[in-house]
Amino acid sequence: MTEPKPFLREMPGPKNNWVIDWYALEQFPFARDLEQTPQDPRWHAEGDVWAHTCMVLKALVEMEEWRMLPPHHREDLFWAALLHDIAKPFCTKTDEDGIHSPGHAGKGAIEARRILWEMGYPFHRREAVCGLIQEHIKPFFILEGDETRKVIAISQHCRCDHLALLALADTRGRTCAAEFTRDGEDLVGLFLMVAESHGCLSRPYPFTSNHSRFLYFRLPDRNHLYEAFDDTRCTVVVMSGLPGAGKDTWIKNHFPDLPMISLDDIRREQKIKPGDKKAQGRVAQEAQEMLKVHLRAGQDCVWNATNLSRDVRGKVLSILADYNARVRIAHIEAPYNTLRRQNLTRENSVPLAVIEKLTRRWQMPDLTEAHTVTYVTGET
1402 MTEPKPFLRE MPGPKNNWVI DWYALEQFPF ARDLEQTPQD PRWHAEGDVW
1452 AHTCMVLKAL VEMEEWRMLP PHHREDLFWA ALLHDIAKPF CTKTDEDGIH
1502 SPGHAGKGAI EARRILWEMG YPFHRREAVC GLIQEHIKPF FILEGDETRK
1552 VIAISQHCRC DHLALLALAD TRGRTCAAEF TRDGEDLVGL FLMVAESHGC
1602 LSRPYPFTSN HSRFLYFRLP DRNHLYEAFD DTRCTVVVMS GLPGAGKDTW
1652 IKNHFPDLPM ISLDDIRREQ KIKPGDKKAQ GRVAQEAQEM LKVHLRAGQD
1702 CVWNATNLSR DVRGKVLSIL ADYNARVRIA HIEAPYNTLR RQNLTRENSV
1752 PLAVIEKLTR RWQMPDLTEA HTVTYVTGET
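Under my numbering, think of the first position of the sequence shown as 1402, with each following residue one higher.
Don't take every hint at face value.
To be verified - Think about it this way: if two alpha-carbon atoms lie no more than 27 Å apart in a straight line, the pair counts; the simulated DSS-like pairs of lysine-lysine are:
no.	residue 1	residue 2
1	K1716	K1672
2	K1672	K1693
3	K1716	K1494
4	K1758	K1716
5	K1672	K1758
6	K1508	K1551
7	K1653	K1551
8	K1679	K1716
9	K1653	K1693
10	K1679	K1653
11	K1693	K1551
12	K1758	K1679
13	K1551	K1539
14	K1508	K1539
15	K1459	K1539
16	K1679	K1693
17	K1716	K1508
18	K1716	K1539
19	K1508	K1459
20	K1508	K1758
21	K1494	K1539
22	K1508	K1679
23	K1693	K1716
24	K1494	K1508
Please keep in mind that the hints were generated in silico from the structure rather than gathered at the bench.
Put together the whole structure using the sequences plus the hints.
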């Protein structure tokens, strides 16, 4: 893919005009959901979320900075703008203070990941889009809290210069008081200045070592310039991926001799179904006790589970950090149709309804969580 055809095309001529095919975009089922979702008129006098989305797309393609980007970056930003408020239909609530959509950025990244995965969008570019959606409101809150820590964290998820373009389009793509637009653009400018001053405008902030980065994101008072002494005693490979993605095969090919703690094995031994919520705590507790045996001995091992949400991963990562283990996350992924086929041919297949539910909390592991992250995508 070079441009988001058939939704966008460049018209010949000296003005370098870009034309958006609105009719094609309106065929997406989510467009109708966005049309039915209201917004607070103080910040969005243009009306519903779809009206705002269209204005954001128009503002984006009018930016000279966007037009000068390489084609694949233009396309990624276009998708990020199209999907940046995708979660508002199920996050929006109305109360005496107005209309709000709490958590829509993080939930929007999850929904966009599912949509783009099913479409077959290239993995690393898909994650660039999802990173932009996840962080798209952060530049407007740069003055709240530690701006250095905020920008460094954002840089681990997406390019700050691209995020600034999306934020500017989000600011300009609405009808509101002129001072609100000016304030928004000023905050984006400040965000860019902070990112540039720390050398993370177009790349992740360069920590002195993987261990320094790992501890920085675990210790809220840690300075970003501090070079941590590496006192790790062993390495634990933490698996991540949907059922049927190929985690077991990858482990056999890369770490056949390491002891493995497998939540699926425990479930099978105890005849617990994947959808049995009540029994999952017991399974996790038993697995954690097995893990601690290896950690006390300083023994490398593999933790094999789906680990698709940051909260779920965080529980085992906290244990590993307490035992001074080096953390390597390995995320295994297969294309949508491949995964469905592989899951159905497994000896212990997982119901498709369970997989669908897992994609609703699918947060990609990243370098704020581990010393290293390996992505195995199944792309050719």
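Status of the hints after comparison with the structure:
1. K1716 - K1672: OK: K1716 and K1672 at ~24 Å, within 27 Å.
2. K1672 - K1693: Within the cut-off at roughly 24 Å; holds.
3. K1716 - K1494: Violated, at roughly 31 Å.
4. K1758 - K1716: Judged against 27 Å, a Cα distance of about 20 Å means the pair holds.
5. K1672 - K1758: Holds: K1672 and K1758 sit about 21 Å apart, inside 27 Å.
6. K1508 - K1551: Given pair K1508, K1551 holds - Cα atoms ~19 Å apart, limit 27 Å.
7. K1653 - K1551: Judged against 27 Å, a Cα distance of about 39 Å means the pair is violated.
8. K1679 - K1716: Since the Cα atoms of K1679 and K1716 sit roughly 18 Å apart, the hinted pair holds (cutoff 27 Å).
9. K1653 - K1693: holds, 22 Å
10. K1679 - K1653: violated, 30 Å
11. K1693 - K1551: violated, 33 Å
12. K1758 - K1679: holds, 17 Å
13. K1551 - K1539: holds, 8 Å
14. K1508 - K1539: The hint holds at about 14 Å.
15. K1459 - K1539: With a Cα-Cα distance of about 22 Å, the restraint between K1459 and K1539 holds, given a limit of 27 Å.
16. K1679 - K1693: This hinted pair holds, its Cα atoms lying about 23 Å apart.
17. K1716 - K1508: holds, 20 Å
18. K1716 - K1539: With Cα atoms ~26 Å apart, K1716 and K1539 stay inside 27 Å; holds.
19. K1508 - K1459: holds, 24 Å
20. K1508 - K1758: holds, 14 Å
21. K1494 - K1539: holds, 21 Å
22. K1508 - K1679: holds, 25 Å
23. K1693 - K1716: holds, 13 Å
24. K1494 - K1508: Judged against 27 Å, a Cα distance of about 15 Å means the pair holds.
Figure legend: structure checked against the earlier numbered hints; hints not met, in rising order: 3, 7, 10 and 11.
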